[in-house]
Amino acid sequence: MSLKTKVIDKDNVVVRFSGDSGDGMQLTGTLFSQTTAIYGNDISTFPDYPSEIRAPQGTISGVSGFQVHFGKKEVFTPGDYCDVLVAMNPAALKANSKWMKPGGTIIIDIDAFDEKNLLKAGYKTDDPISEDLLNDFHIVRAPITSLTKESLKDIGLDNKSILRSKNMLALGLVYWMFDRPLIHTQHYINKKFKKNKIIVEANLKVLEDGYNYGGNIQAITPSYLVLPASIPKGKYRNLGGNTAVAWGLIAASQKSGLELFLGSYPITPATEILQELSARKDLGVKVFQAEDEIAGICTALGASFAGDLAVTTTSGPGLALKGEAIGLAVMAELPIVIVNVQRGGPSTGLPTKTEQSDLMQALFGRNGESPAVVVAASTPTNCFDYAFYAAKIAVEHMTPVILLTDGFLANGTQPWLIPDLNNWPQIVVPVADSKTKDWHPYLRDAEKLARTWAIPGTPNLQHRLGGLEKSYSSGAISHDAANHQLMCETRKEKVQRVANYIPDLELMGDVNAELLVVGWGGTYGHLYTALDELATEGISIALAHFNYINPLPKNSYQLLKNYEKIVVCELNLGQFADYLRMQFPDVNTTRYNKVQGAPFTVEELKTHFKSLLAK
Amino acid sequence: MTDFKELTYVDFKSDQLVKWCPGCGDHAILNSVQKAMADLGYKKEDVAVISGIGCSSRFPYYMDTYGFHTIHGRGAAIASGVKVANPKLSVWHITGDGDALAIGGNHFIHAVRRNIDMNVILFNNQIYGLTKGQYSPTSKRGFVSKTSPFGTVESPFRPAELCMGARGHFFARCIDNDLKHQVVVMKDAAAHKGTSVVEVLQNCVIFNDKTHEAVTAKAFRADRTIYLEQGKPMVFGTDSNKGLRLNGLALEVVTIGENGITEKDLLVHDATCSNTALHLMLAEMEYPNFPVALGVIRAVEAPVYDQALAQQIVDVQEQAKIKSFNDLVMSGDVWDVE
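Order-wise, the sequence lines are chains A and B. Okay, so the first sequence: first residue is 1 according to the numbering used here, each after it adds one. Okay, so the second sequence: first residue is 1 according to the numbering used here, each after it adds one.
If you're looking for bench data, these hints aren't it; they were derived computationally from the structure. In this text, all values refer to a predicted model and were calculated from it rather than measured experimentally. Virtual Cβ for every residue (Gly too), placed ideally from N, Cα, C. One thing to keep in mind: the hints can contain errors.
[What the hints assert, rightly or not] Partial chain A-side listing against chain B, Cβ under 7 Å, derived:
| id | residue |
| --- | --- |
| 1 | E208 |
| 2 | T299 |
| 3 | D308 |
[Claimed, not checked] 27 Å max Cα-Cα, derived DSS-like pairs, lysine-lysine:
| id | chain 1 | residue 1 | chain 2 | residue 2 |
| --- | --- | --- | --- | --- |
| 4 | A | K192 | B | K321 |
| 5 | A | K235 | A | K10 |
| 6 | B | K321 | A | K191 |
Please put together the full structure from these sequences, using the hints given.
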């Protein structure tokens, strides 16, 4: 007979690990995610941390969280509300208690709930549970700090080092609650600290003690049953959006036969791409950490001129600085991928928080008639796909391509079905042929209007590019009025013709529904989950989610014009809705906008869609 | 044997009409760079000439090589990318005092600091010419221009100080009206591995005519400049009887034959000395107290960025566990779903 008093059977569960920014919550969450993914759940994760490296200890501004959503069904978002919250101090409880699902479980490190910490977190009484109206939740008051101290009292570590292991105690306890094996985390500890045996020993012991503690106090701790998901067969790994971008670019480098060059400057939340590619010298990636954002793109553009697959990575403020050089890429018709991991703006804004407010900047933030291709990824793992296709379009159409991701995609992770590159398309480089009769640098492909790429070092193709307008028919400098108009129109048409090479837009949900929801980029998971959950409630909606922004898929208008009720949902004040209005003036849309540095919640989307349907 | 034909300077000229003003110093610099390339046996396809914005930056259009006329101040960054992407190319960055030292100051110092193997030819005419006559970061204090009608109230940069302050390893100076010497300096700059900065004292015939005249005019050039040569005593003057020596920590102009001074008392030029002290003192000499130093003032060997990066890739790849895209994606925790 099981001694467990309460086993909660769930299709999916959201767990949030939360503590001080020095408490190791990111690692704890990552390790839990890996174990549960390997166990076979579909998962989605999201870290949430302050922009300060070590904000004042014990305060709400210093709270660092890591949320993981996993299930036996497909999971599309990291979840809005938590089933289980681990709060390592009062500030973590205060910051997160409003995000609890009714009937959820809150594990608190009761040792950290002293007067000083309660005060720092802004509690007015010594009973935070009542104060935050949390009495209906399962509250597990675990003495995490003192258990850790007790567990390691004879191990020969100083007090500070001992306390550093308390996250492993919390992790062990959560493993017990979900009946997940310790083995993967044990492997990690052994590998990570292999040079320091005592640290390995300490962490392994605390992890196991946490697990056993769960068993010992099971009378007061609920446990959860979440069975593995049925997902396509194959080899999987966890992948976050930033790493996915880096790997997609490496894949594009292989499929094009071009060497990969990244010119970049560190900026939150894009820096990880620079770091990952810096580590990829093993695959021959050339990374140039530049003196500023401008030099980031300029070195990349130089590399493009020299014949490399050139990339620069940045976030909003950096994109603003790169504008002039993107204009040069437009004019010189050189391929370059500009990755913009969007964050809250304007100005420095909310560096660690997500937003979709750089759309207009990407589309129009340059002087002159300066068209560029704009593509947006919509899940952490499809950042790989869209980085690949951004590079493919850039090279094959000889144009700058701006790839938009965002802080939510960049930092989120999902299991990724590892691709076989043999099944991915070749990237065909339009290399100039010196035998071409009357070759000049602006000689164009009749279909794509792309010019050919003459790589320096090739005999007999010496030519000069530059920011000055060039003659359509010779490539030499031209100030001729009619020629300028022809070149402006040609550059625009070249970008428009990319629409002939991208997939049509496919609607999701019930295409006959009254309401069409429109989204783009990183909001996909929340929009789709809202659609999916409404369907289970018997409410039908349709979803049009855009990844290709400029140009739009060719069938966009055909699909949109069928709907009288359209709502464009985005994490800005209506930029994509404005853009659609420019493109299709007779398509009427309403807007649902949020700029709170956070993704939509499925709940608020559902409520809004229901209210629209009731009208 | 291939039927390789040796090129002459004419082969490096493009079919474009050169549109600088008649009498502009730029014409001479174009000729000397073309002559240097021919003398060095360059192939046209192996040369990339990168420029920013300004009169000087039209330079690439007049070269029958690969060329890229870019945006204001960013030429050094773009040239850096070209060289790192393809270290086999001979990269020449053409820039001016406004382009390199005002809007592009940051890229200039960082290119120099990294020691990327390229030749930076800095046309210094102490004026913004293409925008028709505003003072530049090298205009002398008090200089009257359209944007300083009452004289500037700021001190100029000395390109050499900036170069050496950024830990530059090669600095040379030449004048636009001494073509023969220019060609020598360009060839030295090209031969040096690393960022070679060549400041050319160049005349803007329209907006700042004769700005260097007091030093560069043929009539008094010999007395007001000194041509530094590696390993040679620092002698100058029409009669080659003047020289430089150290007096305490300062340079001093002396006359050979006066007060018992012989050539042995003079300093001997060593551009390869890693200490910048004497190089800076030489580069800072100004007329009328001193002759203006010309020639290769500093040429010190140091690690070169593009070579080091390429070597690091080779070294890492030899040791690496990850040898392919597949190795990469299979590294770390991978699990099977069956």
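Structure-based check of all given hints:
A distance limit of 7 Å between C-beta atoms decides the matter here; for E208(A) the minimum to chain B is near 20 Å, and the interface restraint is violated. Nearest Cβ of chain B to the Cβ of T299(A): about 3 Å, under the 7 Å cut. The hint holds. Of the supplied interface hints, the one on D308(A) holds, with its beta-carbon coming within about 4 Å of a beta-carbon of chain B, less than 7 Å. Note on K192(A) and K321(B): the hinted pairing holds, with a Cα-Cα distance of about 17 Å set against a maximum of 27 Å.
Restraint check for K235(A) and K10(A): the C-alpha separation of about 25 Å stays at or below 27 Å, so the hint holds. Simply put, K321(B) and K191(A) have alpha-carbon atoms about 16 Å apart, close enough for the 27 Å limit, and the pair holds.
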